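Generate coordinates for the entire structure from the input sequences, incorporating the hints supplied.
Each residue of the sequence shown is one higher than the last, beginning at 9 in the numbering used here.
Think of the hints as simulated: they come from the structure by calculation, not from any bench.
Values in this document were obtained by computation on a predicted structure and should not be read as measured data.
All C-beta atoms, glycine included, are put in the ideal place defined by N, C-alpha and C.
Only true hints are included.
Computed Cβ-Cβ distance ranges for the label pairs, DEER-style:
| # | residue 1 | residue 2 | range |
| --- | --- | --- | --- |
| 1 | 569 | 426 | 36 to 46 angstroms |
| 2 | 617 | 544 | 28 to 38 angstroms |
| 3 | 599 | 174 | 37 to 47 angstroms |
| 4 | 541 | 576 | 22 to 32 angstroms |
| 5 | 576 | 504 | 20 to 30 angstroms |
| 6 | 155 | 532 | 40 to 50 angstroms |
| 7 | 456 | 313 | 54 to 64 angstroms |
| 8 | 332 | 195 | 19 to 29 angstroms |
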Amino acid sequence: MTQNQSRVKIRRWLRILAPPLIMLAIAVGAVLSVACSDDAQQAESEQPTRVEQAVAQAEQQQHQQQQQQAQQEAMQEQEDVEYQQQAAQQQAQQAAVEYQEAEQEQEAIEQEQEQQASADSSRSRSRQQQQHSSETRQTPRRALPGATNFEDYPTIGWRETVDDDTSTFSLDVDRTSYFLALNWVEAGYAIEPASVRAEEWINAFSYNYDLPEVDDSFAVTTDILEHPLHDDLHLVRIATQAPEFVDNTPLNVTLVLDASGSMQEGNRVEIARAAAESIRRGLSSDDRIAVVLFSDNIVASESHQRPDDRDIRRIIDRLGPTGSTNVQAGLNRGVRFADEIRRERPNAHNYVILMSDGVANVDATDPFAILRTAEDRDDSNPLRLITVGVGIANYNDVLLEQLAQHRNGWYRYLQDVGQARSTFSRENWLALSIPFADQARAQVRWNNESIVAWRLVGYENRVTADRNFEQDRKEFAEIPMGSATTMFFEVELSDAAIRDGVVDLGEVELRWLTPMSGESNRQQIQMVSGISRVGDDAMLDLGSVVALAADRYSWFGQDGLSEETMNLAADHLDEIAYRFEELPTDILNTQAGDDFARLLVAMGAIAEEYESEDPGYSR
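Following this line, the structure appears as structure tokens:
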């Protein structure tokens with residue numbers, strides 16, 4: 009076969025085989041395409057399964073981590089419990105050792121007393137009481153809070169009745185000094201003697217006085233008690249009780265809240281916010297409230313609205329510490345708001361409430377300079393300034409106390425959020441916000457046939473010249489509805505008065521203005537009383553113990569007192585502690601009784617530091 013014939017034959021076979029080969033190629037391509045499509049779909053269907061598996065695996069790992077963390081926290085908590093148990097056991101062992109040492113010391117003291125018949129029995133009793141107290145109460149550290157500012161008022165001295173038979177002073181319902189001291193002791197500090205104002209300690213307690221028979225005057229109680237510290241002296245108690253009544257007069261309230269940097273210490277902001285919110289909640293729809301936040305200037309303010317206004321609630325929630333303290337700016341804005349709402353609602357009572365630690369350091373820092381810039385000339389319907397203190401260290405008591413005293417108001421101290429809520433609960437706030445008497449003062453005129461000499465306990469910054477009694481002055485006190493004021497005098501009775509048994513002490517006169525109307529009132533009471541023995545009247549005994557304890561402790565803050573006087577004050581505090589323990593258990597077992605017991609222990613610890621001990625060397 010030739011070459012050409014072969015080529016022709018090959019072409020013939022290609023023409024025959026080409027169509028089926030092409031069809032076969034197309035078929036194979038289609039099969040491969042379908043296979044690839046199936047693989048892709050299978051991959052796509054498997055992908056969510058893989059994601060779900062990854063998520064499940066992550067969740068399992070997180071659960072395992074949480075279990076491990078919970079196990080670690082449980083182990084840490086168990087370690088903390090074991091540590092606390094060990095600490096408690098150590099404290100118990102230490103307490104047992106201290107108790108045994110105290111018993112040994114007591115036995116040594118008793119042996120020494122048996123050998124020395126001339127030992128002072130009252131001092132031995134007081135040591136027993138102090139050792140008993142130390143078994144259950146922790147004596148505070150000797151340190152005083154830093155950066156505090158108090159006015160050390162000179163103690164009122166004795167007056168001979170033939171030379172001076174009249175005592176004139178403002179009434180007082182403040183009690184801040186007492187609760188400030190209590191907060192210090194609870195925080196582990198000693199009590200600053202200059203901070204103790206005896207009248208505020210006395211008035212911190214409830215003595216259950218009878219209410220007046222009518223709603224337009226005070227009930228006045230007069231008692232004579234044997235002096236618990238001096239056989240030749242007596243105590244005279246004079247108490248005034250304001251009536252309780254219903255008053256539906258609406259309120260205009262202006263809150264001036266300190267938002268400065270010093271308020272970040274401790275829980276000051278939380279206390280102020282809780283008090284402000286309690287006041288807001290206690291108001292009715294007929295009342296109006298405004299809020300001012302200040303630091304080195306005005307941070308935010310909202311003029312008077314209804315208590316449930318959203319902006320009012322928000323601005324209270326915004327309270328937070330920043331910047332310096334410009335009390336003047338805050339009060340000026342608050343007084344402006346208060347004066348505006350007073351003009352719109354002239355038949356409402358008006359209160360400006362300043363909540364602060366009192367540490368003013370921008371613009372005017374003196375209370376009287378601040379008051380001059382926030383002048384109020386309407387005496388018939390005044391803007392009553394209430395000051396509310398918070399904090400321990402870095403605290404200015406003088407500013408807050410003087411602002412309230414000279415602007416128709418009163419001064420309170422709040423030690424925690426719970427007290428803030430209870431003090432300004434609706435029930436308490438409504439009572440405090442109803443004034444019964446403005447510019448209230450008292451004048452006692454002693455009968456010189458019965459009283460040889462007299463001395464007022466406390467009220468050092470409330471006494472005034474006798475001639476001022478006839479004047480209506482802003483520094484005289486506002487007395488809220490239902491409030492009581494108690495005064496104690498140390499007196500020397502004449503022999504004739506003691507023999508008679510029923511003593512004509514003289515008379516006490518009260519003067520005040522009726523709120524809103526400005527009507528002047530005068531009430532005179534003849535003071536006649538028998539002589540009670542210690543133990544006859546438990547509430548009278550309690551008041552005398554509180555009055556004398558605060559008075560004697562305040563002596564340690566005085567400059568220039570002799571060593572003999574310091575020792576006498578320490579001796580008196582020992583005896584007062586013993587007298588307190590003899591009060592009925594229904595008084596001792598109250599919260600007030602327990603709190604005062606802790607204060608006595610704290611005061612006794614400081615008194616020991618002032619008391620001079622005989623070194624045993626010749627002079």
